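**Student:** If you want the building blocks of each chain, they are given just below.
Number of protein chains: 2
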Amino acid sequence: MEHISERLTRLRAAMAERELDALIVPRADEYLGEYLPPHNERLRWASDFSGSAGVAIVMRDRAAVFTDGRYTVQVRQQVNPDLFEILHSVETPHVKWLAGQLEAGGKVGYDPRMHSLNWARAAQKILAKREVELVETADNLVDRCWQDRPVAEVHPALLLDEDFTGRSSTEKRADIAAAIREEGAAAALIFAADSVAWLLNIRGRDIPSLPLVLGFALLHSDGRLDFFTNPEKIPEGFAAHVGEGVSVFPEAEAPAAFKALAGATVMADPATANAWCQLELERAGATLLAADDPVLMPKACKNAVEVQGMRDAHLRDGVAEVKFLAWLDAEVAVGHLHSEGELSDKLLSFRAGQARFQDISFDTISAAAANAALPHYHHVNAPEETRLHMDSVYLVDSGGQYLDGTTDITRTVAIGDPGQEVRERFTLVLKGHIALDQARFPEGTTGTQLDVLARMFLWREGLDYDHGTGHGVGAFLSVHEGPQRIAKAVSEVPLKPGMVLSNEPGYYKDGAYGIRCENLVVVRESDIDSDDGRTMYEFEAITLAPFDLRLVEPSLMTVEETDWLNDYHATVRDKLSPHLEGDELAWLQQATQPIQPAGEKAA
Amino acid sequence: MEHISERLTRLRAAMAERELDALIVPRADEYLGEYLPPHNERLRWASDFSGSAGVAIVMRDRAAVFTDGRYTVQVRQQVNPDLFEILHSVETPHVKWLAGQLEAGGKVGYDPRMHSLNWARAAQKILAKREVELVETADNLVDRCWQDRPVAEVHPALLLDEDFTGRSSTEKRADIAAAIREEGAAAALIFAADSVAWLLNIRGRDIPSLPLVLGFALLHSDGRLDFFTNPEKIPEGFAAHVGEGVSVFPEAEAPAAFKALAGATVMADPATANAWCQLELERAGATLLAADDPVLMPKACKNAVEVQGMRDAHLRDGVAEVKFLAWLDAEVAVGHLHSEGELSDKLLSFRAGQARFQDISFDTISAAAANAALPHYHHVNAPEETRLHMDSVYLVDSGGQYLDGTTDITRTVAIGDPGQEVRERFTLVLKGHIALDQARFPEGTTGTQLDVLARMFLWREGLDYDHGTGHGVGAFLSVHEGPQRIAKAVSEVPLKPGMVLSNEPGYYKDGAYGIRCENLVVVRESDIDSDDGRTMYEFEAITLAPFDLRLVEPSLMTVEETDWLNDYHATVRDKLSPHLEGDELAWLQQATQPIQPAGEKAA
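Residue numbers (my numbering), protein chains in the order written: chain C, 1 to 603; chain P, 1 to 603.
Hints listed in this document are in silico derivations from the structure and should not be mistaken for laboratory results.
Misleading hints may appear alongside valid ones.
Each pair may be met inside one copy or between any two copies, as identical chains are not told apart.
[What the hints assert, rightly or not] Taking lysine to aspartate or glutamate and the DMTMM-like style, the derived pairs with C-alpha atoms no more than 20 Å apart in a straight line are: (1) K509 x D532; (2) K509 x D531; (3) K509 x D529; (4) K346 x E421.
Since this is a predicted model, take the numbers as computed values, not measurements.
Construct all of the structure, not just a fragment, from the sequences and the given hints.
**Tutor:** This is the structure in structure tokens:
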């Protein structure tokens, strides 16, 4: 790749042609998703910054890069300070900052494909106050200037069998179409690629970790669907697989296809769908109706087949996790203190050996000792390689994409003897994990209401963790799926049967160590029979791997908590043993042995 | 009082004079408070309905009364069905209903003093859709037609000593004035009578249960305050008590006084302040700035003197409660099964014997057996007198207004042997009460996040209660005070030191029995020392009375819960014993004896 100063020169020339005083280059691509294909790493091309959150602003004579606290170290390593001012995106919001840099009459270019409509409207307001104009660029200036841009890989879409999805695309589209009619709309923009994948029962390989076919769709109130994507990705048998009424168009043809909706009302989510689609719909004469993606709730509430698929995937994933944990203990026992990267690769090798494995579901967090104190640590971004430390902990947060489900598990492992403080705090975290796992709650309860169950034992000791307790998880889809969540932040979304969430309380001591205990759980209706006749829900844990008993302080556990741990470990042992043998089976047996209740004096 | 048909005739004549097709008569008076003085019971005069929530709509040829589920029985007993249609206010919102009754061009009269500005704006919108006009009446038509209307009692205001308030009115007004300046406003409408009472360190006797001087105020950004009330209520020494800058005007002179604010910005809360004040401010040329009452938070966060006053009041209130509970046991023991009314009167007599007692803080809920299953039951509204039932429970929810504080306590008492089911469910309620009492939580935590702690044990058994867990309580002010609360409903108000809340989980079995365990707690900063250095808060229980040990099932209690109960009872015994003697002291000693932990198998 040519030097950043040459790239900037090229970009500024293109800006001059369009008479732009500034250009906004966000990290997001036209699909506004969490992961990008290499050919869409535009922020990296324009700034050298490779973090997952940030934006660059290029002006005629200056430029700046904005990112958040997670990347303060990395951004200084990657970005040339002679060419870019480096700013904190929270302390210095980029649009407000830009408004302060330009004269009245200034022009700011942006590509509406790379921003949500809400962002574009808010930016326009802020800039207008300074009489600065926000101008759409017809094409993307980075793409125009990017000489050695990688070509987009073209993987044929995978047609996911009904044995995995439980319902045909035709049935799903009929249900959502009915919801669209109830809103009095003629169609809905289904922008999120995972919503489209769910709706069509297809998956893809366009980006790492997320099995998506990049593109977007328009679902009509009669169930017909227009799918805008690269038609080369459409495999044989697609038409028969998705059923009648599905048409495929190149994305560039969307504006033409939108013309059919002149005068009609179209549902779209201005917070998650890109501005370009919605502006083109308006230009085509459609009226936008701001509404949540109608696929969100049905996708979040997995059907029986999807839930069983998640269970099956977690069984195989548990086998891989146990093989890894057994190998890790053996290595440490003979003094092999591996690096975080080696450990991550080894874990992947065990997952890769499992049936139906497709990919990891996110970049593995493989963190030794003090690195584990950073909840979002990634060894690949670390300044130097870190190896395991004796008498500390190792935290590994990882997951897999399988044809029948998505997994996400965190285990914290004792390396030697981490000491009494670590054992006590691990136990407080585990008690919170157990309390949330054991919760039973009435219909209508939100994750906000349950969050305290995972924190109350830490709070009692003046401790806490600064991240959410649980995020939604898709079925062979995104490992971060809405709308459900369990967190301090207000959520008005009630938990419903079939929703999958993580249960991942933690504790982090700066510069010392980190702890996290994560299983995935499924919401199910409880068969508790109360004479009130209330509908009650509860969680079923589907993750299968032991928690490290060497980190459990029995004197802090109640009898119920000890029973829970022994029962959970018995389930893990019973389900995984048939798939293990030799040392690995022996390791599982000792790792899941029942512990004795020590009463609860200290609890 | 003349017959309702004559009252309606008179009202309709006044409506005809004004050419009104309909008149809205709400239950609220011009102060929009929870309680009314007798001369403001306008809804009762216009409909015979005396419930605490409702509205009447009178038309030329028809009329209707709207109320909610709490009053479905009472409204049919009180209101003449030949003259009034009786409708459910939730199923049939009154303004929507009215819009459907009138022809285009119709005129609906309302008195803007009796409604919030938000209500008036919403009603206007709904009626406008049907081309129906909402018309202010210059005077109140009920008042004009009400011949034998009681005269408003004139009680001189009480000047509350700084030994009770902890801060002078001058200091308080200076702080709030600074907050008004921060909002860029010239003044704030302080409409809520309890906010005015707090700001001026005065109390009154205008209405039952609430020690208020009815009126409203305008606080200027320089600390000056205009108090609009009946000047006859202002006692000698008022000026010296409140300090410089306080002027008193009759309420009718408010529009004239508002003229001084022409061109200025005035803060007002359109949800809680009446429409009249805000419309008159606009007519005077002021610009309204919608904002919360700036007195709410400082009033809710009690200072050290107020908190100590609340503790002192609860000590005396506990003595009265214990005398009552001791007397009750003795009466039941000799077979005297009193009526709910007799029990309520007896409890009042014990409170009345306590120093600084002024009034009850709300209508006592004195409920035997099945009546206790109605959380808002009031024996005075019951169709017939109910006496205690053997082998059931008695629930008494009551409170007092003392010069130094306000109390609110609920105890559930065994009458004979209520049986194992009642004991088990009482214990689940008590466990929730204990869990909430023992909560420790970080700065920024809201009541919504903590609510589950009081419900989790009931939820585990498929049970719940359909009311909030905790409401704010004032210091010798309203027993229902905002903005803090603990409930399922979303609250974005963080709990702060000095806030007083109730902790009152319950359980209600239709037609059988009801259980509630209520103490008041104060939020305080915790001295827990965690190396995270987080600011943590916790609760201090200030209510002092035993929970009925005959209703506790020890096998459901953990060791910690048993310790909590024994410690709490020891505190109650130590603090109240010096104020009791003879049989009452003996009763307290046996009622607070330690119970043995039975382990927790069944928990």
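**Student:** Each hint should be assessed against the structure and marked as holding or not.
**Tutor:** Against the structure, the hints come out as follows:
1. K509 x D532: between (45 Å within a copy, 8 Å between copies)
2. K509 x D531: between (46 Å within a copy, 9 Å between copies)
3. K509 x D529: between (43 Å within a copy, 15 Å between copies)
4. K346 x E421: Classified as neither: same-chain Cα gap 29 Å, cross-chain 56 Å, threshold 20 Å.
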